[in-house]
Amino acid sequence: MKRLILLLMLATSLVAQEVKIPDAEQFVGKPQGQPVSGALLDQRTNETGGLLRCPVCQGMSIADSPSEMAVNMKHQVRELIARGYTQEQILRYFERSYGQFVLLKPKFQGVNTLVWILPIIALAVGAFAIFSMMGKSGSQPVDEPPVATAEEDPYLAEVRKLTGRQS
Amino acid sequence: MNRVVLIAGILITVALVAILSAGLGKDPQHIDSPLIGKQAPDFALKAVGTGETIDLTQFRGKPLVVNFWATWCRPCYEEHPVLVSNAQMMQGQVQFLGVVFQDKEEKIQQFLNERGTAYPTLVDQAGKTAIAYGVGGVPETFFLNKDGRIVDKFVGPIDSESLQTNIRKAMTQ
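So the sequence lines, in the order shown, correspond to chains A and B.
Going by this note's numbering, the first sequence runs without a break in its numbering and finishes at 167.
Going by this note's numbering, the second sequence runs without a break in its numbering and finishes at 173.
Don't take each hint at face value.
DSSO-like, lysine-lysine: derived pairs with alpha carbons at most 27 Å apart [stated by the list, open to error]: (1) B:K146 x A:K20; (2) A:K107 x B:K38; (3) A:K20 x B:K104; (4) A:K107 x A:K30; (5) B:K46 x A:K20; (6) B:K38 x A:K30.
Worth flagging that the hints you see were computed from the coordinates, not collected in a lab.
If we strip away everything but chain A, and leave its shape as in the complex, we get (with noise of 0.2 Å):
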């Protein structure tokens, strides 16, 4: 019995001193896609991590950069997608702890709306106005340079008069 007490309260004390470190699964659930390893492992992990921010970095992705903290994050995508993680559930992870900045490419939602339109409406709207400025230009008459007549002209006055002809 005393045995059994001090087996229990060893497995108790080694089940104390187990590190936990937080898992993607406590935030996005079971993976959803299947293991992958080989090149397609680094082919995923590439594809992913460009489209994930370094936030330690001037706009570069955690697949370009090679500060510390880019790396730790392109260790944990490489993991993730060696469990069987989706690329969809992965860049949920990442927005859950860094928000919509961590994604290079922003979401089509709220103000992130305005970064997809604005420029395409920008665009229309400078189209539209240069061809209707091109568009007027060409229906606008052009002005005939004023022709003199012999009262204004001596010269073309004798010439007219010499050759005999009035207009």
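Go by the hints and put chain B onto chain A.
Leaving out everything else, chain B in the frame of chain A:
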């Protein structure tokens, strides 16, 4: 037609000026944490020196200050005495925890031996805890209420006044 172009131009300019002026005076490195108001990610990490595993959940019922730092971070030297003195002053009311990020245990131990400490310092593994908390750079300090909910986050070296303000928030929210 010219009037349409003029109005469109004015509207675009006004919108751009409004967007840019809204960002004026803001710290470009500051990012609002989406974790504020949410339950803090749980972790259990080894403490420097003792090797004891400290679980975040064991402090439920008490407000918590979780400070992410590193020995290679210069501003962390500046805030360390502020954290230690406040932890000593508020012992029993508020629990302080340090989480060291991207560092070596020997260096952390040396830092603590030289500068003293008043609370457990834990070692983050592969920066995973920092990533779960959305840490962009150290130092960053999170304030948790007695239920383990994040009430606020402070980026940069914290001063005593900001620390007390945020602790009060953690005690009342």
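Against the structure, the hints:
1. B:K146 x A:K20: holds, 20 Å
2. A:K107 x B:K38: holds, 22 Å
3. A:K20 x B:K104: The given pair, whose Cα atoms are some 19 Å apart, holds under the 27 Å limit.
4. A:K107 x A:K30: Given pair K107 (chain A), K30 (chain A) holds - Cα atoms ~23 Å apart, limit 27 Å.
5. B:K46 x A:K20: holds, 9 Å
6. B:K38 x A:K30: holds, 21 Å
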